[in-house]
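Please work from the sequences and hints to get the whole structure.
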Amino acid sequence: MDKPIIGIVCKHKKSDLDELRPYSRIRDEVKQAVFDNGGIAIGIILPDEEINLVKKTEECSYDDLLKEYIIAQIKLCDGIILQGGTANEIGEEFIARYCYHEDIPILGICAGQNQIVRALGGSICRVDDVSKHFQMEADYVHKCYIDSSSKFYNIVKTTEMIVNSRHKNRVKTCPNLNVAGFCDDGYADVVEDHDKSFYIGVRFHPESLYKRDKNMNNIFVSFIEAAKLKKIACNNDIRKLNKKH
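Counting from 1, position 30 in the sequence shown corresponds to residue 32 in our numbering; the numbering is continuous, with no gaps.
Think of the hints as simulated: they come from the structure by calculation, not from any bench.
Given the structure is predicted, the values throughout are model-derived calculations rather than measurements.
The reader is advised that the hints may include incorrect statements.
As the list claims (entries may be wrong) - Computed cross-link-like contacts, DSSO-like style, restricted to lysine-lysine with a CA-CA straight-line distance of at most 27 Å: (1) K69 / K230; (2) K13 / K233; (3) K159 / K198; (4) K69 / K13.
Encoded structure:
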């Protein structure tokens, strides 16, 4: 199959009907954006903190086993999406760091951007005016100004775009990333490492607008294309290895 496999990291959520039985979820908008742009979406499921994995072996710590489970799932994928939602999901920062070092295409959305930043030594803080940036119902809230020398500019092909805004946190520092887009307040709306195949975090939610906004859809188009190239490269490596044997 030529279509790239995109792992969407699930979020833990408690059921409104039964709080004793939480579940893992993927936002429909996110998985549909993957399918509509030529990818195959699957879930990356993280163990919660209550699971005592250490009992399985006395030689491995909880963190070691958690990383082992995560890496096993990432290796099934050609690209990873850290979706918005809960601010600090166990394992997500490790996923972002692993994808960075292995150059696996990764897109961090809203809270996912937090992990993209933290993974490389950056920090997150609260926005000064929550009411201005947390507008759940509005499709478009403010302008985002794009650096014309950035990788992100090559994706959206514009120096200005209007974005939605549903967040209470912002990037405070990102010493090892480039700010590719910022809002009127000067907050980083887009961060990236332009030397990687696709290591980008956005503060807004392109999945909510991609069906009617070309700029938003181009984010997914470019991400899926990077994942496809990753898949092709991996397949070529496998063929070369098979020929040697």
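Of the numbered hints stated earlier in the document, which are not met by this structure?
Structure breaks no hint.
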